[in-house]
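S.K.: Order-wise, the sequence lines are chains E and D.
Each residue of the first sequence is one higher than the one before, counting from 0 in numbering that gives the first Met the number 0.
Each residue of the second sequence is one higher than the one before, counting from 0 in numbering that gives the first Met the number 0.
It is worth saying that the hints were derived from the structure and are not from the lab.
Computed from a predicted model, the values in this text were never measured in an experiment.
Be aware that one or more of the hints could be misleading.
Pairs of lysine to any residue, SDA-like flavour, derived with a Cα cap of 20 Å [what the hints assert, rightly or not]:
{"hint": "1", "chain 1": "D", "residue 1": "Lys270", "chain 2": "E", "residue 2": "Thr74"}
{"hint": "2", "chain 1": "D", "residue 1": "Lys111", "chain 2": "E", "residue 2": "Lys33"}
{"hint": "3", "chain 1": "E", "residue 1": "Lys270", "chain 2": "E", "residue 2": "Arg239"}
{"hint": "4", "chain 1": "E", "residue 1": "Lys33", "chain 2": "E", "residue 2": "Asp218"}
{"hint": "5", "chain 1": "D", "residue 1": "Lys33", "chain 2": "E", "residue 2": "Met193"}
{"hint": "6", "chain 1": "E", "residue 1": "Lys33", "chain 2": "D", "residue 2": "Ser192"}
{"hint": "7", "chain 1": "D", "residue 1": "Lys33", "chain 2": "E", "residue 2": "Asp200"}
{"hint": "8", "chain 1": "E", "residue 1": "Lys33", "chain 2": "E", "residue 2": "Leu291"}
{"hint": "9", "chain 1": "D", "residue 1": "Lys270", "chain 2": "E", "residue 2": "Ser76"}
{"hint": "10", "chain 1": "E", "residue 1": "Lys33", "chain 2": "D", "residue 2": "Arg163"}
{"hint": "11", "chain 1": "E", "residue 1": "Lys33", "chain 2": "E", "residue 2": "Ser76"}
{"hint": "12", "chain 1": "E", "residue 1": "Lys270", "chain 2": "D", "residue 2": "Thr74"}
{"hint": "13", "chain 1": "E", "residue 1": "Lys33", "chain 2": "D", "residue 2": "Gly199"}
{"hint": "14", "chain 1": "D", "residue 1": "Lys33", "chain 2": "E", "residue 2": "Trp181"}
{"hint": "15", "chain 1": "E", "residue 1": "Lys33", "chain 2": "D", "residue 2": "Ser164"}
{"hint": "16", "chain 1": "E", "residue 1": "Lys33", "chain 2": "D", "residue 2": "His195"}
{"hint": "17", "chain 1": "E", "residue 1": "Lys33", "chain 2": "D", "residue 2": "Ser201"}
There are 2 protein chains.
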Amino acid sequence: MDRMNRLRDVMGERGVEHLWVEASVGFHYLTGHKPISVERTMGLLVSRAGRTKLVTPAMHAEELVGIADEVFDWTDSTGPETATAAVLEDVDVLHVQGSLLASAWYALADAKPGLRLALDPGCVASLREHKDSHELEALRSAAALADETALWIATLDVTTHTERSLRGAIQARFLGLGPMPWEPLVATGANASMPHYEGGDSPIAPDRPLLCDFGAATDGYWSDITRVFFPQSTAPEVERAYETVCAAYDAALAVLAPGVPCGEVDAAARKVITDAGMGDAFIHRTGHGVGLEIHEPPYLHGGNESPLEVGHVFSIEPGVYFPGRFGLRFENVIYMGDNGAEELNRAPRMLRLG
Amino acid sequence: MDRMNRLRDVMGERGVEHLWVEASVGFHYLTGHKPISVERTMGLLVSRAGRTKLVTPAMHAEELVGIADEVFDWTDSTGPETATAAVLEDVDVLHVQGSLLASAWYALADAKPGLRLALDPGCVASLREHKDSHELEALRSAAALADETALWIATLDVTTHTERSLRGAIQARFLGLGPMPWEPLVATGANASMPHYEGGDSPIAPDRPLLCDFGAATDGYWSDITRVFFPQSTAPEVERAYETVCAAYDAALAVLAPGVPCGEVDAAARKVITDAGMGDAFIHRTGHGVGLEIHEPPYLHGGNESPLEVGHVFSIEPGVYFPGRFGLRFENVIYMGDNGAEELNRAPRMLRLG
Numbered sequence: 000m001d002r003m004n005r006l007r008d009v010m011g012e013r014g015v016e017h018l019w020v021e022a023s024v025g026f027h028y029l030t031g032h033k034p035i036s037v038e039r040t041m042g043l044l045v046s047r048a049g050r051t052k053l054v055t056p057a058m059h060a061e062e063l064v065g066i067a068d069e070v071f072d073w074t075d076s077t078g079p080e081t082a083t084a085a086v087l088e089d090v091d092v093l094h095v096q097g098s099l100l101a102s103a104w105y106a107l108a109d110a111k112p113g114l115r116l117a118l119d120p121g122c123v124a125s126l127r128e129h130k131d132s133h134e135l136e137a138l139r140s141a142a143a144l145a146d147e148t149a150l151w152i153a154t155l156d157v158t159t160h161t162e163r164s165l166r167g168a169i170q171a172r173f174l175g176l177g178p179m180p181w182e183p184l185v186a187t188g189a190n191a192s193m194p195h196y197e198g199g200d201s202p203i204a205p206d207r208p209l210l211c212d213f214g215a216a217t218d219g220y221w222s223d224i225t226r227v228f229f230p231q232s233t234a235p236e237v238e239r240a241y242e243t244v245c246a247a248y249d250a251a252l253a254v255l256a257p258g259v260p261c262g263e264v265d266a267a268a269r270k271v272i273t274d275a276g277m278g279d280a281f282i283h284r285t286g287h288g289v290g291l292e293i294h295e296p297p298y299l300h301g302g303n304e305s306p307l308e309v310g311h312v313f314s315i316e317p318g319v320y321f322p323g324r325f326g327l328r329f330e331n332v333i334y335m336g337d338n339g340a341e342e343l344n345r346a347p348r349m350l351r352l353g
Numbered sequence: 000m001d002r003m004n005r006l007r008d009v010m011g012e013r014g015v016e017h018l019w020v021e022a023s024v025g026f027h028y029l030t031g032h033k034p035i036s037v038e039r040t041m042g043l044l045v046s047r048a049g050r051t052k053l054v055t056p057a058m059h060a061e062e063l064v065g066i067a068d069e070v071f072d073w074t075d076s077t078g079p080e081t082a083t084a085a086v087l088e089d090v091d092v093l094h095v096q097g098s099l100l101a102s103a104w105y106a107l108a109d110a111k112p113g114l115r116l117a118l119d120p121g122c123v124a125s126l127r128e129h130k131d132s133h134e135l136e137a138l139r140s141a142a143a144l145a146d147e148t149a150l151w152i153a154t155l156d157v158t159t160h161t162e163r164s165l166r167g168a169i170q171a172r173f174l175g176l177g178p179m180p181w182e183p184l185v186a187t188g189a190n191a192s193m194p195h196y197e198g199g200d201s202p203i204a205p206d207r208p209l210l211c212d213f214g215a216a217t218d219g220y221w222s223d224i225t226r227v228f229f230p231q232s233t234a235p236e237v238e239r240a241y242e243t244v245c246a247a248y249d250a251a252l253a254v255l256a257p258g259v260p261c262g263e264v265d266a267a268a269r270k271v272i273t274d275a276g277m278g279d280a281f282i283h284r285t286g287h288g289v290g291l292e293i294h295e296p297p298y299l300h301g302g303n304e305s306p307l308e309v310g311h312v313f314s315i316e317p318g319v320y321f322p323g324r325f326g327l328r329f330e331n332v333i334y335m336g337d338n339g340a341e342e343l344n345r346a347p348r349m350l351r352l353g
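Work out the full structure: start from the sequences and follow the hints.
M.R.: Listed below in structure tokens is the structure:
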């Protein structure tokens with residue numbers, strides 16, 4: 000498989016001889032198989048110069064035929080220890096993904112006394128950061144469904160909803176269209192002043208801004224959009240703050256180019272908000288990568304010197320938060336292409352409560 | 000908080016001085032706060048004899064007021080390293096939960112050179128295993144909604160559905176009722192011979208058994224039920240196999256009592272299926288704990304000598320799988336009470352396709 004060969008190339012460049020890819024999105028990315036997240040030991044040993052070896056509960060063997068050169072299965076009566084030890088027989092240093100659970104980390108350490116474990120220096124992540132055309136198509140489709148859902152929210156009579164019931168309605172709409180949603184954030188009025196407030200039993204106030212942050216996966220690839228839905232009349236200070244947030248978004252978009260450090264994108268957005276006197280209210284980073292995970296590299300925050308590269312897909316989402324008063328955020332997902340940045344989301348900036 | 004005090008007692012019994020509880024269901028259990036799963040360092044240091052210390056991104060500080068004696072917050076411009084090092088100042092040995100990500104494990108190790116990290120010997124898990132009356136009520140409610148959904152599936156015209164569309168319909172139904180569902184498994188005909196087959200684009204065959212495994216969370220506590228929906232007429236070998244699976248379930252239920260080793264429950268179910276000549280087709284364990292996680296301790300599998308205890312909540316779900324032919328499973332969630340076992344699920348054993 001092409002991705003497996005490219006992984007071996009990257010392992011060579013980064014001095015990684017043996018990599019353990021447990022049941023995870025990395026496993027999904029490399030094998031095409033979405034593993035069910037369970038407590039049973041499952042993983043793929045990828046060796047730069049050797050055969051791939053799969054450890055799996057026997058119950059999954061039928062589903063995983065063909066993804067590795069050798070299969071070491073185990074049952075509850077044998078336990079996973081023997082299979083794991085067999086796979087690690089010729090391994091002295093094993094790199095593991097950041098997503099590995101500590102329980103599995105200690106199980107690997109116990110399976111082979113003297114084994115040295117180390118953190119994967121981004122071998123799998125560096126492949127996943129660069130989206131190919133198939134992945135980009137899935138991300139475009141996911142973004143288009145999120146846009147449609149934003150427009151649909153603007154048609155609702157929100158006075159029939161609490162934050163919680165609207166969260167359910169957004170998810171049900173995605174499921175009706177096909178993709179699996181993540182749990183939306185829905186915040187009415189001052190609740191939006193907490194950037195990750197999920198939503199509670201507050202009735203949605205038709206005369207206050209309504210912040211919705213939501214998305215869903217198409218073929219495993221996520222969308223992530225935030226829109227604020229405004230009442231017909233808004234306080235001048237809220238209007239001005241929203242104009243500032245949108246200007247910060249535009250400033251970030253304007254500096255996007257391959258080779259630009261991620262931190263500079265954050266700085267461009269932050270400067271606009273700081274210059275408007277609201278710097279203290281922009282309390283999070285400007286964006287994060289989006290792909291098989293809703294949050295993944297690259298991270299667009301101050302101090303990140305890593306450059307943007309062609310194939311990166313990430314959010315830009317400046318926001319301002321005034322505790323107890325109001326909160327605003329504007330978020331689209333962006334593709335960094337050869338010919339500049341492409342906004343995958345197209346929903347209007349100004350949406351009104353229906 | 001009562002749970003925090005009980006945790007300190009257990010830490011004393013098990014010789015744990017300092018425990019790190021990262022943003023996780025354990026954190027939710029101890030603090031009542033459901034942390035959003037993000038890439039930012041967040042966690043609670045619980046010391047047997049000292050003050051609790053929270054490391055959190057500053058953006059979450061408003062939401063987390065009051066859960067720890069001291070708060071060490073950080074921003075993207077400071078990074079989490081200083082806050083983490085300050086919290087670990089007096090710590091020599093730090094126990095971590097099995098759910099901690101390796102990326103966070105290495106971040107803790109890097110924050111304090113010489114720090115010894117070890118796996119939590121089940122301090123948090125041992126509390127979480129014993130459900131209190133409030134938790135039991137949530138689990139009962141979750142189970143009742145799963146039962147209703149099973150009856151609802153039996154009313155559907157499945158010929159209008161593929162496996163995938165039925166998965167979405169089941170989720171949408173839960174969302175309409177309130178709780179957040181996990182992704183159901185839906186398998187028509189021979190697809191059910193893979194025990195964790197999720198469901199694909201196969202149209203649902205009205206003349207073949209349909210296996211559905213699903214559930215949803217009420218106040219964070221999950222349900223988990225499997226029912227097979229049968230056509231009006233079923234092959235005799237399938238009928239006989241289903242009778243065997245149900246008899247295995249009954250045999251497991253009959254041995255449940257506080258003090259009985261988990262492995263004996265598995266053995267009781269397995270004996271029935273083995274005696275019927277289908278032992279090789281029962282390729283998974285008999286059950287797993289259910290609570291804030293869909294799979295959690297106790298695990299009911301061969302070789303597990305840990306005893307059942309009052310307060311345990313777990314599935315019993317024997318099944319048989321004949322590759323390419325058919326698969327059957329019957330699953331309820333059970334509460335181990337003072338006065339014996341209580342089946343939280345009440346949906347009928349024999350459900351027919353509508």
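S.K.: Could you run down the list of hints and mark each one as holding or not?
M.R.: Checked hints:
Restraint check for D/Lys270 and E/Thr74: satisfied, since their Cα atoms lie roughly 17 Å apart, inside the 20 Å limit. Simply put, D/Lys111 and E/Lys33 have alpha-carbon atoms about 36 Å apart, too far for the 20 Å limit, and the pair is violated. Distance hint between E/Lys270 and E/Arg239 is fulfilled; the C-alpha atoms sit about 16 Å from each other, no more than 20 Å. About 10 Å separates the Cα atoms of E/Lys33 and E/Asp218, which keeps this hinted pair within 20 Å; it holds.
For the proposed pair D/Lys33 and E/Met193, the alpha carbon gap of about 14 Å is at most 20 Å, so the pair holds. For the proposed pair E/Lys33 and D/Ser192, the alpha carbon gap of about 18 Å is at most 20 Å, so the pair holds. Note on D/Lys33 and E/Asp200: the hinted pairing holds, with a Cα-Cα distance of about 16 Å set against a maximum of 20 Å. Annotation: proposed proximity of E/Lys33 to E/Leu291 holds, straight-line Cα distance about 11 Å (limit 20 Å).
Taking the CA atoms of D/Lys270 and E/Ser76, the gap is near 14 Å; set against the 20 Å cutoff, the hint holds. The hinted pair formed by E/Lys33 and D/Arg163 meets the criterion: a straight-line CA distance of about 15 Å does not exceed 20 Å. A hinted pair counts as satisfied when its Cα atoms are at most 20 Å apart, and E/Lys33 with E/Ser76 does not qualify at roughly 26 Å. Proximity of E/Lys270 to D/Thr74 is assessed by CA-CA distance (about 17 Å); at most 20 Å being required, the pair is judged to hold.
Of the pairs offered as hints, the one joining E/Lys33 and D/Gly199 holds, with about 12 Å between alpha carbons and a cut-off of 20 Å not exceeded. Of the supplied pair hints, the one linking D/Lys33 and E/Trp181 holds, its CA atoms being roughly 15 Å apart against a limit of 20 Å. Of the pairs offered as hints, the one joining E/Lys33 and D/Ser164 holds, with about 18 Å between alpha carbons and a cut-off of 20 Å not exceeded. Proposed proximity of E/Lys33 and D/His195 is supported: the alpha carbons are some 11 Å apart, at most 20 Å.
Proposed proximity of E/Lys33 and D/Ser201 is supported: the alpha carbons are some 18 Å apart, at most 20 Å.
Going through the hint list in order, the structure does not satisfy hints 2 and 11.
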